[in-house]
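Enquirer: Going down the list, the sequences are from chains Z and H. The number in the numbering used here is simply the position in the first sequence, starting from 1, with 117 added. The number in the numbering used here is simply the position in the second sequence, starting from 1, with 117 added.
It is possible that some hints are incorrect.
Said to hold, decoys possible - In silico contact screen, one side only, chain H against chain Z (beta carbon under 10 angstroms); selected entries: (1) 135; (2) 136; (3) 165; (4) 173; (5) 235.
If you are wondering where the hints come from, they were derived from the structure by calculation, not from laboratory data. Yeah, the Cβ is synthetic: ideal placement off N, Cα and C, and Gly gets one too.
Protein chains: 2
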Amino acid sequence: MSSPETRLFLATTNEGKILEIRHALEDLPITLSTLREIKDFEVCAEDKPTVLENAIYKGMFYSRYSEAMTLADDTGLEVDALMGRPGVHSARYAGETATYEDNNMKLLQELENIPEARRTARFVCVMALGFRGRLIKSFLGTCEGLILTKPRGIQGFGYDPLFYIPALKKTFAELTAEEKNRISHRGKALERVHDYFQYSLEAG
Amino acid sequence: MSSPETRLFLATTNEGKILEIRHALEDLPITLSTLREIKDFEVCAEDKPTVLENAIYKGMFYSRYSEAMTLADDTGLEVDALMGRPGVHSARYAGETATYEDNNMKLLQELENIPEARRTARFVCVMALGFRGRLIKSFLGTCEGLILTKPRGIQGFGYDPLFYIPALKKTFAELTAEEKNRISHRGKALERVHDYFQYSLEAG
């Protein structure tokens with residue numbers, strides 16, 4: 118049974134994320150709207166100790182701005198040589214107003230004397246589906262890689278130019294959107310979101 | 118090149134975990150010892166806000182009791198209807214001296230009025246490899262499932278009798294050690310530990 122009116126509200130203004138989500142769900146009959154279309158909104162604090170909790174609270178918080186199911190995400194980069202940092206602080210690693218470049222520079226500095234074999238890291242992404250202030254379900258995706266000693270590539274955003282996938286011999290910033298969605302933390306979480314909606318739509 | 122003297126110290130006294138780890142690494146030429154063989158040891162605090170950090174600090178902390186590489190783990194059960202709880206508190210959910218049964222009872226009580234479709238949960242396991250007080254690498258594994266309304270099965274330990282895998286129509290406590298290792302959070306983390314040692318051994 119088709120449900121042509123299924124709507125999903127994306128609780129983000131980040132164009133990079135919106136593109137990745139749109140791409141991952143494009144084969145489903147879902148109409149997307151985003152936080153960019155909301156004139157005045159309060160920004161949800163991201164002060165929880167885990168990526169999971171940040172995603173959950175964002176999903177619940179932003180669901181007040183839409184009648185639709187609301188999808189929020191939080192992402193962390195966990196670097197072994199930094200004992201899991203920046204983790205939940207990844208987006209603001211170099212400070213509250215840090216640019217992607219500031220964060221990448223800080224990461225390179227902190228890893229300055231760490232040899233390649235010890236630069237292992239993983240990206241963790243949690244997507245949280247909220248509805249009327251409540252959490253419906255969370256979706257997790259992870260991706261293992263290495264932190265390079267200098268940036269490579271111009272695609273993507275955030276730490277993508279430093280995050281290297283040995284099996285592909287490329288950084289995230291050297292992958293097309295399609296290639297990245299197939300293996301990335303957010304891509305894998307989105308695959309689970311996709312399966313959830315596909316199942317719900319099929320079940321009517 | 119073979120390294121017959123490779124040794125690994127397991128930073129746990131939990132027989133269930135020791136069996137799972139022994140099984141997962143049995144094809145490798147690694148000699149295992151465990152915390153059970155240490156007469157007097159200080160117990161590492163597990164007070165970090167994330168499963169990752171608890172595992173890392175345990176791996177570093179217990180590496181003082183062995184000259185060998187030291188493998189520690191931490192595990193959390195993240196239940197959507199409880200907004201990610203018990204999470205990092207899973208082992209002591211019903212209190213400091215809680216038994217597995219106490220924890221399972223508390224979980225069932227907290228989910229009392231939650232219908233099946235909303236009882237989604239995931240297990241998260243991080244294994245951390247420490248050496249001489251330092252973290253070498255962390256390994257993550259996850260497993261998605263549902264929390265039943267009453268326990269089923271007698272294998273395994275912890276929350277296993279309540280953790281149901283829809284694709285297998287069984288709880289973790291209804292699986293053999295082999296079946297569980299193939300799909301569980303700890304099994305998947307151990308697969309990564311296995312690959313790490315296999316690669317290191319092959320590289321000499």
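Enquirer: For every hint, state whether the structure bears it out.
Expert: Hint check:
no.	hint	result
1	135	violated, 24 angstroms
2	136	violated, 26 angstroms
3	165	holds, 9 angstroms
4	173	holds, 5 angstroms
5	235	holds, 8 angstroms
In the structure shown, a violation is registered for the earlier hints numbered 1, 2, in ascending order.
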